[in-house]
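> Residue-level listing of the chains:
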Amino acid sequence: MKSGRPQPPALARRLVAWRFTGERQEIVLGDLEEAFTDALAAGDSPRRASLRYWRQAVASLSPRRRRADPAFEAMLGAPTDRHAGVVDMFLNDFRHTGRFLTKSPWWTMAVVLTIALAIGANTVVFSVVNAVMLRPLPFERPDRLVWVAERNDRLNLPTFAASVLNYAGWKDQAGSFESMGAFGFATFTLTTDGDPEQFAGGQLTPSLFSVLGLHPVAGRSFAEGDDRPGSAPVVMISDALWRHRFNRDPSTIGRHVTVNGVDVTVVGVAPTSLAPLSGGDIWRPLTMDLGREMRLNHWILAVARLRPGVTLATAQTDMDGVARNMSQQYPELRDWGVRLVTFHDFFLNPQLGTALLMLLCAVGCVLLIASANVANLMLARSASRRKEMAVRVALGASRRRIVRQVLAESLVLSTIGGATGLALATWAIPAIDAVLPPNILPVSGVQLDVTVVAFALALSIATGLLFGVAPAWRAASLTLTDVMKRAGRGSTGDRKRLGRVLAATQLALATMLLVGAGLLTQSVLRLQQVNLGFEPEHVLTFQLALPAARYADNRGMQFYQQLMTSLRATPGVSSAAVSSGIPFGAGNYTTTPIATRGPSPLPPDAAVPTPWRIVSPGYFKTMRIPLMRGREFEDADGVPTADVVIVSQATARRFWGDGDPLGRTLHRQNDRREYTVVGVVGDVRHTVLRQESPTIYYASSLIGTLPPMDIVVRTDGDPTSVLPLIRQQVRQLDAALPVSTVRTMQEWVSTNAAPSRLNALLMVAFAVVALLIAAIGIYGVLAYSVNQRTQEIGLRMALGAQRRGVLRLIINEGMKVGALGIAIGLVAAFGLSRSLASLVFGVTVRDPWTYAAVAATLGVVALAACAIPARRASRVDPIVALRQE
Amino acid sequence: MGRHHLGAFEQMLLYALVRLGPDASGLEIARLIEERTGRVISPGAIYAGLDRLAGRKLVTSRLGEPTPQRGGKRRRLYRATAAGVARLRTAHQALGDMARGLQPKLHSS
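Chains D and B are the protein sequences, given in the same order.
Just add 9 to wherever you are in the first sequence, counting from 1, and you've got this note's numbering.
Just add 760 to wherever you are in the second sequence, counting from 1, and you've got this note's numbering.
Keep in mind the hints are simulated off the structure, nothing from the lab.
All figures in this text were calculated on a predicted structure; none of them were measured in a lab.
Cβ atoms here follow ideal geometry from the backbone N, Cα and C, with glycine treated the same way.
Hints may contain errors.
The following label-pair restraints were derived from C-beta to C-beta distances [to be verified]: (1) D:T323 <-> B:P826: 25 to 31 Å; (2) B:R779 <-> D:T30: 28 to 34 Å; (3) D:K112 <-> B:R796: 40 to 46 Å; (4) B:M858 <-> D:A51: 37 to 43 Å; (5) B:P826 <-> D:P55: 21 to 27 Å; (6) D:R104 <-> B:M858: 34 to 40 Å; (7) D:L466 <-> B:L862: 49 to 55 Å; (8) D:Q797 <-> B:E794: 56 to 62 Å.
To be clear about the criterion: a stretch of chain D counts as covered by chain B if any three or more of its residues have a C-beta under 8 Å from a C-beta of chain B, and this derived list gives those stretches [claimed, not checked]: (9) 57 to 69; (10) 748 to 758.
Using the sequences plus the hints, can you model the full thing?
As structure tokens, this is what we get:
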């Protein structure tokens with residue numbers, strides 16, 4: 010094949026080849042290819058030429074009413090067109106189907122709507138799965154990219170951020186990597202035209218763009234040398250920032266702006282594909298000042314591209330060796346190793362994956378239930394067409410022909426339903442994308458792409474076959490004598506059995522969904538009741554980032570002290586404090602290896618990475634974190650000699666067991682400076698609602714401040730009402746300082762619970778839909794049965810049966826099916842429950858109460874569904890019923 | 761439909777063959793019809809029509825040589841036979857006779 014030259018669409022070519030044989034095939038293919046080549050030569054785009062090819066190929070499929078002269082066909086020897094008969098037959102089937110479906114439009118609409126809802130829901134969930142799990146990451150050859158993480162098995166840290174010194178070491182020694190890059194998180198205050206605003210962003214090594222295969226949208230990315238200490242300061246900005254702040258003005262490149270109080274040059278605009286890795290709007294080079302870095306200060310993430318031909322396992326072995334060498338050289342690296350993580354695993358957190366798969370299974374169940382229901386509707390429908398079918402068989406229609414006819418009907422139904430569902434999804438996907446809480450997905454932009462459309466299409470066809478098989482099989486097994494013998498009279502046994510099996514299946518699936526929904530709902534309720542360790546009510550939070558250029562030394566400290574004084578004097582404010590990172594907030598999540606001396610359950614000299622926060626006096630009071638022992642920080646701790654620290658209960662337990670923590674000392678691994686514990690406070694959930702994190706609190710007066718800092722303000726009334734006053738206070742102290750990320754503490758907590766809430770909400774929605782369809786299913790089976798047995802019931806009543814007896818008879822019949830379905834569903838749910846373990850909280854996945862409640866709910870619903878036909882049966886007038894004979 | 765009747769589409773094919781002269785390919789015929797009438801005809805329909813005409817000995821055909829722009833495939837080259845041209849002439853005349861004098865009426869509505 011000549012490369013480079015556009016080829017005709019292969020699939021269309023195959024279609025034509027399928028349609029024609031022999032010489033005709035060659036000539037038609039030749040014509041189409043010639044037309045294609047000519048169109049290209051005439052300057053048409055390959056797309057246009059392909060489109061025309063496709064049109065012609067599809068047009069060639071249509072069968073001809075008038076065939077060639079038989080004499081001529083005989084002369085040619087073999088028929089020139091194959092499959093014309095097949096195409097003809099299918100068209101015939103579909104014409105027939107059209108008539109059949111338009112005859113009872115309400116029935117058709119009910120079926121189409123059922124399928125549309127089920128396929129629509131499936132398509133929507135799949136579009137999210139596709140975006141998160143299937144669509145390739147926006148990097149070049151993402152399968153060759155790895156996250157180079159540190160690990161420490163002793164401390165149970167399977168993956169951890171890297172230190173700059175270790176990164177530099179790996180970069181020198183690693184043989185398996187083609188290239189390596191790294192990035193860290195950072196926040197920036199951008200000042201253009203006197204208006205300060207705070208942005209998230211990062212610090213990137215100049216190599217990062219080439220490692221990932223990314224290219225700047227405008228300008229250049231960072232170059233080697235930009236990262237050298239003392240080089241001219243440069244930044245890159247995001248496309249969004251470029252658009253909003255600079256109107257996409259090309260002259261932005263090269264422009265000087267003020268970032269963190271320093272004059273810097275904008276050198277380029279980063280593509281949005283950087284966002285999954287390092288989100289935000291401003292990036293600066295990651296300055297490698299090796300002399301000032303600490304070996305155990307883990308704050309950057311290193312990524313690497315594997316050399317061609319190198320497998321992950323080989324690279325891991327190689328890096329194990331590198332890590333061993335380095336720990337021999339630097340004793341503090343003992344216990345630390347390297348773990349390579351594929352980008353796929355890096356981006357997909359297992360909990361999100363489980364949640365998505367669960368939702369996909371749930372909507373799959375809804376689709377199965379809907380299919381079973383439609384199959385039932387088709388069966389009921391076919392009962393009234395048995396004569397038609399039997400006559401056709403008697404007139405010589407083959408079994409295959411009948412099966413095909415019925416399958417064509419279900420395929421047409423499912424395709425129309427699928428198309429409607431796809432239309433629903435097209436409308437719903439952007440809506441959902443807009444209302445999804447931010448940051449719930451690791452990717453941006455859930456959308457309808459080819460994969461999603463193909464999925465919906467395949468699903469429609471599969472659904473059609475699924476609910477068409479039972480009716481088709483039934484229709485084909487009819488014989489004329491069968492039908493005639495039972496003329497006018499009721500159902501055959503296996504039609505009823507089939508209907509019951511389908512109804513029971515629906516109930517079983519609905520039971521499983523309800524169990525899942527019940528467990529997740531309980532988890533959400535428990536999460537809301539979790540003891541956070543602080544009281545989020547009436548607390549307003551915001552961030553300030555003091556530019557280092559204007560707040561050198563301890564001037565930042567002084568600023569916050571002044572701010573606190575004026576905030577505390579503000580009417581409506583009961584207390585205020587500063588922290589380097591509030592729970593669930595957007596502040597600094599800092600962790601450093603900490604060691605202690607003296608008696609400890611830990612091995613001697615072990616350093617445990619422990620989260621730490623800088624807090625001002627009054628923090629614990631403002632957050633209402635209980636003080637268990639000792640004392641809080643006081644303003645007097647500002648004197649640099651008092652090296653004091655407050656620890657959480659869990660930290661105290663980890664370092665000193667049951668011993669008295671007060672008066673004990675801690676030190677950072679590389680730092681000989683000892684901190685004395687003066688207080689113990691309650692444990693706080695910092696990052697996830699599911700677990701508390703042991704934390705060390707340093708006095709802000711001792712450590713200084715970080716950019717940004719979180720300010721927490723406890724108010725007497727509605728926290729947002731004091732915001733204008735707060736802004737005014739900040740402005741009075743520093744007019745160029747933006748007040749950013751304003752939230753109430755409750756908003757932070759609720760954002761964190763959003764994914765669980767969303768899971769539960771969706772599960773409940775699917776379960777309710779499933780329950781409804783299943784209820785309609787059991788109702789339909791029973792209503793049909795009552796209809797068929799009208800005469801029998803009339804006879805019974807004529808012979809003296811009571812209305813109550815008839816009522817019981819019918820309800821018994823329905824509830825037998827119901828009980829069977831529910832029982833099977835409970836057993837299946839019990840079996841599958843383990844897979845939900847990572848998503849539930851505060852309740853076991855085999856919680857007997859949930860199962861009991863689900864069984865009871867379904868029992869009631871099934872009973873209600875049985876009651877209507879049963880009532881109708883009990884109202885049968887024996888005279889009328891018997892006269893029908 | 762009588763054995764001697766020429767359908768409108770068959771007439772169109774014959775007109776195209778007369779205009780194109782001997783050794784016209786199916787593709788050329790389709791293009792000509794599209795150019796003159798705006799109707800896009802699928803290859804399947806063109807060849808089916810030509811088959812019918814060939815069966816009535818109104819056209820003949822032979823296989824041509826393979827060419828690179830056809831991906832090395834041959835083409836079948838058609839020409840109208842004398843009988844075909846005569847039949848077209850009759851049909852043309854019949855239509856002309858029917859249409860004569862109707863110009864004002866046809867264009868007035």
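> Taking the Cβ atom of B:P826 and the Cβ atom of D:P55, is their distance within the range 21 to 27 Å?
Given range 21 to 27 Å: holds, Cβ gap about 23 Å.
> Can you tell me whether the CB distance of B:R779 to D:T30 sits inside 28 to 34 Å?
The hint (28 to 34 Å, Cβ to Cβ) holds, given that B:R779 and D:T30 are roughly 31 Å apart.
> So the hint says 25 to 31 Å: do the beta-carbon atoms of D:T323 and B:P826 match that?
violated (51 Å)
> Quick check: the region 748 to 758 of chain D, covered by chain B? Criterion 3+ residues, Cβ under 8 Å.
violated (count 0)
> Could you say whether the range 34 to 40 Å given as a hint is met by the Cβ separation of D:R104 and B:M858?
Cβ of D:R104 to Cβ of B:M858: about 35 Å, so the range 34 to 40 Å holds.
> Holds or violated: the 40 to 46 Å window for the beta-carbon distance between D:K112 and B:R796?
holds (44 Å)
> Return holds or violated for the Cβ distance of D:Q797 and B:E794 against the range 56 to 62 Å.
holds (60 Å)
> Evaluate the given range 49 to 55 Å for the C-beta pair formed by D:L466 and B:L862.
holds (52 Å)
> Looking only at beta-carbon atoms, does the pair B:M858, D:A51 fall within the given range of 37 to 43 Å?
holds (39 Å)
> Has the region 57 to 69 of chain D got at least three residues whose CB is nearer than 8 Å to a CB belonging to chain B?
holds (count 4)
Hint compliance for this structure: hints 1, 10 are broken, all remaining hints hold.
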